[in-house]
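Turn these sequences into a full structure, and let the hints steer you where they fit.
As they're listed, the protein sequences go chains A and B.
Quick note, in the numbering used here, the first sequence goes up one by one and the last residue is 81.
Quick note, in the numbering used here, the second sequence goes up one by one and the last residue is 379.
One or more hints might be untrue.
Said to hold, decoys possible - Quick list of the computed label-pair ranges, beta carbon to beta carbon: (1) 357/B x 4/A: 55 to 63 Å; (2) 353/B x 9/A: 34 to 42 Å; (3) 67/A x 365/B: 40 to 48 Å; (4) 61/A x 310/B: 27 to 35 Å; (5) 4/A x 141/B: 56 to 64 Å.
Said to hold, decoys possible - Facing chain A, according to a computed beta carbon distance under 7 Å, are these residues of chain B, among others: (6) 228; (7) 231; (8) 306; (9) 310; (10) 353.
If you are wondering where the hints come from, they were derived from the structure by calculation, not from laboratory data.
All C-beta atoms, glycine included, are put in the ideal place defined by N, C-alpha and C.
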Amino acid sequence: MVSPVQITKEIDARGSFCPGPLMELIRNIKTAQVGDVIAVLSGDPGSVKDIPAWVEKAKHEFLGIEDVEGEVKRFIVRKAH
Amino acid sequence: MKQILVLGGGTGGTLVANLLAKKLKDEAKITLVSASSRHLYQPGWLYVPFGWQDPRGLSRSLKSLLNKRVQLEIGRVSHLDPHAQSVTLESGHTLHYDYLVVATGSRVTPEDVPGLAEGAHHFYTEEAAWKLHAALEEFNGGKIVVGVGGLPHKCPVAPLEFTFLLDEYLTRKGIRQQTEITYTYPINRVFSIESVAEMAEPLLKERGINIETFFNLESVDPEKKLAISMEGSELPYDLLVMIPPHRGAKFLEGSPIADAQGWVYTDRHTLQVKDFPNIYALGDTTNLPISKAGSTAHFEAPVIAEHIAAAIQGRPVDPKHATYNGKVTCFLEAGYEKASILAFDYDTPPKPPTPSWLYHYEKMAFNKAYWYLVPTGVI
Numbered sequence: 001m002v003s004p005v006q007i008t009k010e011i012d013a014r015g016s017f018c019p020g021p022l023m024e025l026i027r028n029i030k031t032a033q034v035g036d037v038i039a040v041l042s043g044d045p046g047s048v049k050d051i052p053a054w055v056e057k058a059k060h061e062f063l064g065i066e067d068v069e070g071e072v073k074r075f076i077v078r079k080a081h
Numbered sequence: 001m002k003q004i005l006v007l008g009g010g011t012g013g014t015l016v017a018n019l020l021a022k023k024l025k026d027e028a029k030i031t032l033v034s035a036s037s038r039h040l041y042q043p044g045w046l047y048v049p050f051g052w053q054d055p056r057g058l059s060r061s062l063k064s065l066l067n068k069r070v071q072l073e074i075g076r077v078s079h080l081d082p083h084a085q086s087v088t089l090e091s092g093h094t095l096h097y098d099y100l101v102v103a104t105g106s107r108v109t110p111e112d113v114p115g116l117a118e119g120a121h122h123f124y125t126e127e128a129a130w131k132l133h134a135a136l137e138e139f140n141g142g143k144i145v146v147g148v149g150g151l152p153h154k155c156p157v158a159p160l161e162f163t164f165l166l167d168e169y170l171t172r173k174g175i176r177q178q179t180e181i182t183y184t185y186p187i188n189r190v191f192s193i194e195s196v197a198e199m200a201e202p203l204l205k206e207r208g209i210n211i212e213t214f215f216n217l218e219s220v221d222p223e224k225k226l227a228i229s230m231e232g233s234e235l236p237y238d239l240l241v242m243i244p245p246h247r248g249a250k251f252l253e254g255s256p257i258a259d260a261q262g263w264v265y266t267d268r269h270t271l272q273v274k275d276f277p278n279i280y281a282l283g284d285t286t287n288l289p290i291s292k293a294g295s296t297a298h299f300e301a302p303v304i305a306e307h308i309a310a311a312i313q314g315r316p317v318d319p320k321h322a323t324y325n326g327k328v329t330c331f332l333e334a335g336y337e338k339a340s341i342l343a344f345d346y347d348t349p350p351k352p353p354t355p356s357w358l359y360h361y362e363k364m365a366f367n368k369a370y371w372y373l374v375p376t377g378v379i
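Given below as structure tokens:
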């Protein structure tokens, strides 16, 4: 559990193969304000690797992963710049 | 008599209106509002830059595709008041509804990325596809950069398809050796779906195409001819082809039913709009995290038509069309008269077959048969 953190916006990307949870996260990060915390719900096992890798590459802040139910996880990211 | 208003004359709007007319006959008044009197077959624009498709063959009279029970009103929506259940057009004409279907699609917004409109080409409008054709005709070698210039964008496979067809075009023109092609993509592989990326990456490499992943376009410098990413890389180009970011229809931006970019808050199964059960949305205009593509609208339309028809007829919804399961199907052109096909839904990722001539010719046939099969609801 990642707490306490105030989530600005949560994106429900469950069931998204195309464009996929990471693409949904990127588009939401672009329109967010610096400092906003964005959460994305994903049931894609690949997200565990893909999302932190992009967040590091794009120099945002990865706050953590929470289990939601079954395969679904919540990925929490702060827009850093 | 109940009034049904359908906004948008693309695949989703045309199909929903026709399905409703078939189900309800004279039990409701159905009006479709479209900004254009033409229905566009947008997937055909992919071939226009190469001179392989005349864009004039990619549109037809919308009226000719509509059931005679559907009233067509040409006009652009300026305002939606979901509480008053009314829609006002730019002409000042106000229409009232009992049920509303929002199918106003997406629009490209290159102005959202500094330098993109001035520095880059794309093929997501008829005019832009023509301009890119002229630029490619004049092109005699150098660096071409192709990629995703912003998110979201419709037809997720189109940048890959364009890159494969570009390689074929330049080879046929005899200038492939003098041209360096670089394909860029926002995430850490060449396509969002892993199985598609695993199929496409070796094909790109085989054809000598450079790959630049983790590339989210931040700006374009048209003077220095540089494409700059938010991850910090810079790519020089002689010709830049970048899919612009998209937004929903202008009147939806900040409306009570949509977010700031105009994407409508839509239930993933019933396609009802949040807080307004008499409004439905489909196709590109929804905020659903799925492909913005004609095929999405095609599979969504029967669900909306059934829900509205059942409500008007006071009967239960036919379970066959009660919910949308995220179904999308699309072809992926791989160049040299070969293509693959992607079919998936919310629960099942696609398993694309190796590109073959079979799917390419199936796609060619579909491009012609679309007019007879899809908007009319035959399939």
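**OP:** Against the earlier hints, flag every one the structure doesn't satisfy and list their numbers going up.
**Re:** 4, 6, 8, 9, 10
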